[in-house]
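Trainee: What follows is the residue order along each chain.
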Amino acid sequence: MASQRSTVDRLDKPSAYFNSRNKRRGGGRDRRDEDDDVNMHQEQPEDDPLKDATTLYVGNLSFYTTEEQVYELFSKCGEIKRLIMGLDRFTKTPCGFCFVEYYTHQDALDCMKYIGGTKLDERIIRTDLDPGFEEGRQYGRGKSGGQVRDEYREDFDEGRGGLGRQIQQEARLREVERRDNESDFGRLR
Amino acid sequence: MADYDRRSGGDRGGYNSRKRRYRDDDDYDRRGPRRRFDAPPHVRIRRLLLSIAENPMRAWHEEIASIANLFTENWDDELLRGNFVDLVLQLSLEQPLKTPFLAAVVLVANTNRPEIVDMLLAKLTAGIEAKIGAGEWRDVKLYLKLLACLQSCLEGDGVFPVLEELFSRAVDLQTASSEDTIGTELVKIILLTLPYVMAASPEQWAQKAMDLMEKTDIIASEPHALQTLVEPYHTETSEDNANPSQSLIKLLQTQLQIEANNGWPLSFLPRPWEFPLGEVEQQAKLNDALKHALPPIALPQTVVAGPRPLFPEVYFSVYASQEVESVPSESTAAASLIRDALTDTISILHVNRNVTARHLIEVDCFFAPRTFAARATPFDRLRDIEPPKSTWKPEDVAVDAVFSQLFQLPNAEHKLVYYHSVLTEACKLAPAAIAPSLGRAIRYLYRNIQRLDLELENRFLDWFSHHLSNFGFTWKWTEWVDDVYLPDLHPCKAFIKGAIDKEIRLSFAQRIKNTLPEPYKDLIGPEMELETPDFKFANDDTPFAAEGREIAALVKGKASDEDIQPIIERIHALALDNNLDPLVASTDVFVTAVLHVGSKSLSHVLAAIERTKDRLTDAGAASESARAQIISAVMAYWGSHPGVAIAIVEKLLNYSILVPAAVINWALVTYAGATKGDALARAHIYELVFNTVMKVTGRVRQVALKAAQPDVVTESDTKDAETRSMRELFRAIEDALVSWASGNKDEMIEMEIGDGEGKSQREALVRRWGERWLRVYRRRAAIEEAFLLEASKKAAASTGAANGDAETIS
Numbered sequence: 001m002a003s004q005r006s007t008v009d010r011l012d013k014p015s016a017y018f019n020s021r022n023k024r025r026g027g028g029r030d031r032r033d034e035d036d037d038v039n040m041h042q043e044q045p046e047d048d049p050l051k052d053a054t055t056l057y058v059g060n061l062s063f064y065t066t067e068e069q070v071y072e073l074f075s076k077c078g079e080i081k082r083l084i085m086g087l088d089r090f091t092k093t094p095c096g097f098c099f100v101e102y103y104t105h106q107d108a109l110d111c112m113k114y115i116g117g118t119k120l121d122e123r124i125i126r127t128d129l130d131p132g133f134e135e136g137r138q139y140g141r142g143k144s145g146g147q148v149r150d151e152y153r154e155d156f157d158e159g160r161g162g163l164g165r166q167i168q169q170e171a172r173l174r175e176v177e178r179r180d181n182e183s184d185f186g187r188l189r
Numbered sequence: 001m002a003d004y005d006r007r008s009g010g011d012r013g014g015y016n017s018r019k020r021r022y023r024d025d026d027d028y029d030r031r032g033p034r035r036r037f038d039a040p041p042h043v044r045i046r047r048l049l050l051s052i053a054e055n056p057m058r059a060w061h062e063e064i065a066s067i068a069n070l071f072t073e074n075w076d077d078e079l080l081r082g083n084f085v086d087l088v089l090q091l092s093l094e095q096p097l098k099t100p101f102l103a104a105v106v107l108v109a110n111t112n113r114p115e116i117v118d119m120l121l122a123k124l125t126a127g128i129e130a131k132i133g134a135g136e137w138r139d140v141k142l143y144l145k146l147l148a149c150l151q152s153c154l155e156g157d158g159v160f161p162v163l164e165e166l167f168s169r170a171v172d173l174q175t176a177s178s179e180d181t182i183g184t185e186l187v188k189i190i191l192l193t194l195p196y197v198m199a200a201s202p203e204q205w206a207q208k209a210m211d212l213m214e215k216t217d218i219i220a221s222e223p224h225a226l227q228t229l230v231e232p233y234h235t236e237t238s239e240d241n242a243n244p245s246q247s248l249i250k251l252l253q254t255q256l257q258i259e260a261n262n263g264w265p266l267s268f269l270p271r272p273w274e275f276p277l278g279e280v281e282q283q284a285k286l287n288d289a290l291k292h293a294l295p296p297i298a299l300p301q302t303v304v305a306g307p308r309p310l311f312p313e314v315y316f317s318v319y320a321s322q323e324v325e326s327v328p329s330e331s332t333a334a335a336s337l338i339r340d341a342l343t344d345t346i347s348i349l350h351v352n353r354n355v356t357a358r359h360l361i362e363v364d365c366f367f368a369p370r371t372f373a374a375r376a377t378p379f380d381r382l383r384d385i386e387p388p389k390s391t392w393k394p395e396d397v398a399v400d401a402v403f404s405q406l407f408q409l410p411n412a413e414h415k416l417v418y419y420h421s422v423l424t425e426a427c428k429l430a431p432a433a434i435a436p437s438l439g440r441a442i443r444y445l446y447r448n449i450q451r452l453d454l455e456l457e458n459r460f461l462d463w464f465s466h467h468l469s470n471f472g473f474t475w476k477w478t479e480w481v482d483d484v485y486l487p488d489l490h491p492c493k494a495f496i497k498g499a500i501d502k503e504i505r506l507s508f509a510q511r512i513k514n515t516l517p518e519p520y521k522d523l524i525g526p527e528m529e530l531e532t533p534d535f536k537f538a539n540d541d542t543p544f545a546a547e548g549r550e551i552a553a554l555v556k557g558k559a560s561d562e563d564i565q566p567i568i569e570r571i572h573a574l575a576l577d578n579n580l581d582p583l584v585a586s587t588d589v590f591v592t593a594v595l596h597v598g599s600k601s602l603s604h605v606l607a608a609i610e611r612t613k614d615r616l617t618d619a620g621a622a623s624e625s626a627r628a629q630i631i632s633a634v635m636a637y638w639g640s641h642p643g644v645a646i647a648i649v650e651k652l653l654n655y656s657i658l659v660p661a662a663v664i665n666w667a668l669v670t671y672a673g674a675t676k677g678d679a680l681a682r683a684h685i686y687e688l689v690f691n692t693v694m695k696v697t698g699r700v701r702q703v704a705l706k707a708a709q710p711d712v713v714t715e716s717d718t719k720d721a722e723t724r725s726m727r728e729l730f731r732a733i734e735d736a737l738v739s740w741a742s743g744n745k746d747e748m749i750e751m752e753i754g755d756g757e758g759k760s761q762r763e764a765l766v767r768r769w770g771e772r773w774l775r776v777y778r779r780r781a782a783i784e785e786a787f788l789l790e791a792s793k794k795a796a797a798s799t800g801a802a803n804g805d806a807e808t809i810s
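The listed protein sequences correspond, in order, to chains A and B. Sequential numbering of the first sequence, starting at 1, is according to full-length UniProt numbering. Sequential numbering of the second sequence, starting at 1, is according to full-length UniProt numbering.
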């Protein structure tokens, strides 16, 4: 009966994001197969990189959320072995994500079930199982140093630096252009 | 994995698909039309069974007949037949609220295709045997519940022989040992199964039920030897009317007796197999359907306790003794049976708290109509409800069930944060209905805080602050405003201070201050609003100020140990001149300097500790007072942010710079003494000690389990050493706390604060804290001993079995 799929969705599964990235890399599984009607049994690929995962990627943090706050909340699922704050590649300031490493796989799964999707510092945070931290991954991969999602974000998110940075950048450029035009106009007169 | 049900507005019960918006569009294109109209029968049946009884707008008998008919019409589909049986069994274990409805589908299907019942019974009885063999008692209970609901299609006495057999096992176990818990569990299972048998045809089985209950009475009415261990209230010794909570099985026995006396009305149980008067024909078919012989269920020679330790259970309610009964009273069988179905649901569905919360909110869908008042009826309106209409608030019943699990002693089944998350989700799904119920639960617990077991008080504290952090930190603090002026030793004041500290840890001081009414604001001092504490050696008036600054600079500059040594020696010399303990003085300066260098964040302090590990280890090994000074320095430096201090101490334990005994000694002797017992009322000191003890017991359990594996021999030395130091730790705790609880502590005798009355009042408060602490750690010690005993039994059994196997092979 253990191999039977559960009658409810489990919350301790990797997200669509992980699966799609993994798929692009050529490994992993396709969600569609998993959902297939006839396929009543779950198929776990043999070399599932997450089968013993003890690390979680934590997203949608406020830039102002501190290590201590993360520590306080995530300790509720077990002792934390390591905590790595995500930083802006250029300014080396927090940019809204982190990696939490537990001592056991079970603690990481429990964290997915009980903490992912709840609030920290009054924001709903996202957790995802992660194959493990590697040096370099603590930095944002966006053009301007932060996370990619903060480049073109159209909503104003106070906890994450307001509008997307590219959008802010464009607005600044427009502003400069406008002022240049104005002064040109003045000179002509 | 997502079921095919899109009716619920695409609620996958998951939050975790990042590109949900786009994916849902995909889903729609991909599966919409095909699934909806062309899904093969086994898929449709699966979908229908999974969501059975969830839609309150659909009449039960219609839903059940349509599923049963869809199934029997497609009888030739082999895949469907096999899947159907498996799914019914699986659902009865995973979503137990639905069991009676599944049974009804089977009963209706039996009228057309009686073979299905035999197929099901074969697998069900095999399943029961397997679960008994493995000691999976909850699964045994859930399978028996399904079987009990099928009683009307069973030949002869149906389920009764099975229950009687289980009872005779229980008697054997109970006569063998008064501390036996398996027998108690068996009686509980029997009593919880019986009502489902009786719901179908009470007259037919009344005598059988009475006979069985006469027997169970002997065990059920006997108070269990271990019951004090799980008692949630810890009444003061002076209180005469200390009435302990009722044991679950005793309560059940009494409740069922009342039902029996009234002819088993069991008015709250759903009877989805009953068809309305208009459908006489269907009802007649159902009554005349073929009956089936129940395959024999063999019980193993010895029954085992299974993977989860068994303890007696008590009935706990946060809505007890209200002016209007918003939850079933303890005298009704509904109290136990609805609670049982809900707690099983909560325990089993930990994989998806959203589904748990939905089941809780929709509890009224799964019981007889009119069992509950309308959802979200405000408590004040309950008193306007005319009898015989029910005043049971579904939200209260649901919330009560979650609290009974969160507050279960000695341990909750899951991590406590699971129950937090269930309450959070329930509150998110139906805020108007759930939030007021939670409010009343909080008030009840706060009112009873003095009687609550201290471990439970701390679970309450942790949940409360975590819950508020999910809802904008809003709470009606004004209603406790008078308590702000109580002495810090008062349990209510201690709770308030502890809660505010925990709120700040999840947020920040200024934010929390803004959520509090004026009188509370004084509890958050300016030092708590500082991000990093002041470095005391920055002030020249502090002794060793120059040395402190110098060492900090050296540690910061990653200087070598040799560079630091001369300054340490200078401190030693200065200390000797001033008649101070040189080791204590240098430890304080050094540790404080390290903390200061790492004050920016936990990562910084961990890096600083890592760099100075050797010197810190030496300091810890130098003398007992130096060891204590390490902790004093940490707790003093981070005094306004105890969460950080606790995290640092935990890491110092990991590095073996500190040993657990030092932490215990510091908290319960050094610091408690220095504060004349005030420390015992501080939630973070409790947390520090509790975490340390859990670390030690966790380690012992890990080692014991390893040593219990037959092929591991080398571990037994470690196991003995770890066990010994754990016992010593518990003894040290006991010794320290006994003197606080009995008022024999030197610091208490010497107390010179206030006049006679004030002094004795203070003394009484300190003693009470001592008693409460003592109860927690005596219980923890007892549980660990019980665990070790069980582990050694298992080890003996497995080596015995291994040897036995070897013999048969040779």
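Think of the hints as simulated: they come from the structure by calculation, not from any bench. These numbers were taken from a predicted model, which means no experiment stands behind them. Glycine included, C-beta positions come from ideal geometry on N, C-alpha and C. Where hints are given, some of them may not hold.
What the hints assert, rightly or not - Using C-beta positions, here's what the derived DEER-type ranges look like:
#: 1; chain 1: A; residue 1: Glu-135; chain 2: B; residue 2: Glu-330; range: 55 to 63 Å
#: 2; chain 1: A; residue 1: Asp-48; chain 2: B; residue 2: Pro-295; range: 23 to 31 Å
#: 3; chain 1: B; residue 1: Gly-472; chain 2: A; residue 2: Glu-135; range: 51 to 59 Å
#: 4; chain 1: A; residue 1: Tyr-64; chain 2: B; residue 2: Tyr-485; range: 33 to 41 Å
#: 5; chain 1: B; residue 1: Ala-674; chain 2: A; residue 2: Ala-171; range: 52 to 60 Å
#: 6; chain 1: B; residue 1: Gly-133; chain 2: A; residue 2: Asp-48; range: 29 to 37 Å
#: 7; chain 1: A; residue 1: Asp-155; chain 2: B; residue 2: Asp-540; range: 35 to 43 Å
#: 8; chain 1: A; residue 1: Lys-81; chain 2: B; residue 2: Asp-534; range: 29 to 37 Å
Trainee: Run the structure past the numbered hints and jot down the numbers of the failing ones, going up.
Mentor: 2, 3, 7
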